[in-house]
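So the sequence lines, in the order shown, correspond to chains F, D and U.
2 is the number of the first residue of the first sequence in the working numbering; add one for each residue after it.
23 is the number of the first residue of the second sequence in the working numbering; add one for each residue after it.
757 is the number of the first residue of the third sequence in the working numbering; add one for each residue after it.
Watch out, some of these pointers could steer you wrong.
Said to hold, decoys possible - From the derived model, a few chain D residues whose C-beta atoms are all more than 12 Å from chain F: (1) 28; (2) 91; (3) 177; (4) 192.
To be verified - Just so you have them, the derived chain D footprint on chain F, three or more residues with Cβ under 8 Å: (5) 131-141; (6) 211-223; (7) 260-267; (8) 318-327.
These are calculated hints, taken from the structure and not from any lab test.
Idealized CB from N, CA, C, for every residue including glycine.
Listed below are the residues making up each chain.
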Amino acid sequence: MEFLINFIISWLPIFAIYGILSISLNLEIGYTGMANFGKVAFYAIGAYLSAALTMSVMLSLVGKSVPLYSIEAVQALSTPGTGAIYTHPAAYVGLFVLSLVLAFIVAGVVGYFITYPTLRVGPAFLGITVLAFGEMFRVFMRNYEPLGSTKGLFGLNNPFIWIGNPQLSQGLFALVSLALLLAIYIYAERFVNSPLGRTLRAIKDDEVAALCLGKHVPRVKATVFFIASGMAGVAGVLWTFYQGSVQPDTFVPILTFYVWAMVILGGMGNNLGALLGAAVFTLVDRVLTFAAGMMGPSLIIPPNYLRWMIVGIVIVLVLLFRPEGIRPAKPIKTPAWEAVKEVSEGG
Amino acid sequence: MVGVSEVLNTVQMGLAYMVIALPLTLSYRVTQVINFVHIIFITLGAYTVALLGLIGLTNVWIALGIAFLLGGALAVLDNVAVFEPLWRRGSDVLIIMVASLGLWIFYKYLIYAVLDKLFIILRTNTLSVLVRTEGFPSVTLGAVTIDGYLIDTVVTSVVVTLALYLILMKTRIGKAIRAIADNQTLAEISGIPRGRVLNFMWFLAGGTAAVGGVLWALFQTTVTPEIGDQIILQVFSIAVIGGLYSLTKTALGAFIVSGTENIVIAVLHDTFGLPLSFRPFLVFSVLLIVILVWPPLGAGGGLPYRFRIRPRARR
Amino acid sequence: MAEPILEVKDVAKYFGGVRALDGVTLSVQKGGLIGLIGPNGSGKTTLFNVITGFYVPTRGEVWFEGERIDGLNPNEVYLKGIVRTFQIPRLFPSLTVLENVLLTPPNQIGEKPLYAVLRSRWEKQEKELAKKAVKLLRRFGLGRYIHANVSELSAAHIKLLETIRGLMTNAKLYLLDEPAAGVAYDMAKEMFSFVKRLRDEEGLTFFIIEHRLEVLMEFVDYVYVLHNGKLLAEGKPDEVVQNKAVIEAYLGG
Ligand SMILES: Nc1ncnc2c1ncn2[C@@H]1O[C@H](COP(=O)(O)OP(=O)(O)OP(=O)(O)O)[C@@H](O)[C@H]1O
Ligand SMILES: [Mg+2]
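Using the sequences plus the hints, can you model the full thing?
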């Protein structure tokens, strides 16, 4: 029981993070048909933004002016009991919330402007441009000293760490993550079951025809990109606070395709499917890590490689043998149906 | 300082890029699929020369030949096992592209896993191998030394490009490839055996890319499993400059990108103190500029939508 | 007749060396039912593409209701009140017949990103539009297919659906690209009678490309003939079919 609870509270935030990422990717590829090969960029923006913001404000609260990446900063922030994240709980939680909001906006705006110019060149080029952007961001971070270059930033922790009881604080964080995931899921469901969702499907089917029917296709696409990138930014914030640190090499392109695998397995164009995909992969990952711990070096393929091989092969096999995924795309639900019934009954 | 070494680097890098990017454009033009396994062809080629060197086989020409065969075989395997079945089922090219992404990830970590085992068997570090191979000797002209690898690269890329040109333009199968690229349905109606021609095309594309991988390894001199991934940005930018359509423009793109990475950065570094680590930014800027100013609408499929800078006068 | 609703002035469109259009001048009267004919590859579809903003003309101007529209984007042209259909129909396969029709009204409240999630904001409008759409579909005999997938429709119904989609909006000018192609003769005649009815009852304007002259000539009041990107002839249907140059072009092309 104890084990199960610990397992769940350590798994839930990861599930929430990947759930948010896959819902956001599903909005893009499943509903609108935009191939985002650079999801990781917006995730990284959220993560770095929250780390930089929270750390610098917390440090200035305790009157320290040291570089964020310095060991002094880590000590000033996270020495148990005396570090700033223990002594200024209100500010710390406040910064967590502020990070969520800002990350949504900043990642969203970047997403809007990165994609707007490229939206007319077809999915392959869009995908490549965003992929390139993500790589560029990572390489920049690797070389940008104020944010720790290759080592990244350390010294944060769970936003409720000051409570003292680790199980309680982690549980609280798990709940907050889950609540965010739920909110985003509900938002996404409403978003796509609307006249706008209809337009998105139309754009996915045939963007040229949609344009000829008066839809401002580039703007609609950029808007979806704004929202989806903002969501990825939120996931990035959760990651920072879950992990307590950010490193540039977390945000390798392959992470994007991890999320792709989730969406493809779950079913493109189905939000619940995206969640299922996220759950499956994050659980498999846990099991693999666990098995690796049990079996040690006797494992034929190291778990880290095995995990990615599974990701790759799942993408290929699902596309080959069950292209609609676990849960096929759902038709759009709007009140139009009810209206049709009324007309039928009336006439 | 922009000196001889920058120029020589531009040439060597540009040639390697060219040999890598040409088959990407070729396969895209024929199948409309951006093949992410291309990155694996590069890694495969690079490791072929590196591992052969490790076990004492240091003839670069043999390495190039083996790399060509391996890359070609892998490409044909992918086509037969994944791309062709998807295509026959009527899958969208986007879906086929995503399948190639899956393959890329799978192969990449398969390579990691294999190298991990080799590490134990060979008792040497295989995750990062210094390239040891021999082709032409270095030549010294006055104060300038021209590295042997550079000469190998020049010879190989000239031969490869010429061979590609001759195959595509002068042979029957080359004509068939071009016919499929121009119009699939028409080509099939006129009796071209699509399956076989495509397999040949993939063999050519995969093999050439792997040869490019060898050349890239000669330029890098150290090979890691990330060697292909490291140049995703560059290779795709080059292909986009070519509009994923024109082989000539792709070749040109290779030198634009390599010039940007060597000469432009050096100039900016000298005049504005731009850190050399900004290299990827310049490449990305090249990519963005190309997409904005010369959007590859024709080949990539696109929207008949124009961004208007200035509003037009009305009556 | 009334004043022109659409004017094409000396429009040219070159694709590299191909002169798909080479100085075409024509006008469409308000409330007209105008035909556009010509041999294959004569530039008819290209002319529609220029009018609807698909292409920017190499030269020349397009005016709609006293406003210059060449160079506008296709979505902007649509919002001005020009609806087109495609030679190869482009319906949206993942939407039902009803949804295909519901898609067309511009500026729906529920299409705004901020309002899309607030169902109460757009529910009323959506229901009204749905009722209108159902009535429209019934009027044209598609009542049975309201919830059908578009792949279940016959070729004729697909063409019809593409045409009436535009009726949901207040479009004034309809550009139909070969509405009767691939449709049985009777169905084609029926389609044209619908078009005529719409013109007569609603005062809409139609500009129609059609290869099947036997169907077209019966209904239209004026015909333009394109050949090699140039206007070859124009006039009343019976005059045009007598025209030597036209006969030659058709036989030769
Ligand atoms: N995007 C394009 N690029 C190059 N050439 C084009 C393009 N679109 C049309 N053309 C050429 O322009 C000419 C006119 O084509 P268009 O489609 O307008 O003819 P059409 O009259 O509609 O013929 P059809 O009766 O077969 O539909 C043709 O020679 C065609 O090949
Ligand atoms: Mg036509």
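* Asked: the region 211-223 of chain F covered by chain D? Criterion: 3 or more residues, Cβ-Cβ distance below 8 Å.
  -> With 3 residues close enough to chain D, the hint holds.
* Least C-beta distance between residue 28 (chain D) and chain F, which was stated to exceed 12 Å -> Label holds. Min Cβ-Cβ 20 Å, cutoff 12 Å.
* Residue count check for the region 260-267 of chain F against chain D: does it reach three with CB-CB under 8 Å? -> Per the Cβ count (3), the hint holds.
* Taking 12 Å as the cut and beta carbons as the points, is residue 177 (chain D) off the interface with chain F? -> 31 Å, holds
* Asked: Far enough from chain F: is every CB of that chain over 12 Å from the CB of residue 192 (chain D)?
  -> 30 Å, holds
* Asked: If you look at each residue in the region 318-327 of chain F, do at least three have a Cβ nearer than 8 Å to any Cβ of chain D?
  -> holds (count 3)
* **Coverage of the region 131-141 of chain F by chain D, judged on three or more residues with CB within 8 Å** => n = 7 at 8 Å, threshold three: holds.
* Since residue 91 (chain D) was said not to touch the interface, does its Cβ keep a gap of more than 12 Å from each Cβ of chain F? -> 24 Å, holds
Checked against the numbered hints given earlier, this structure breaks none of them.
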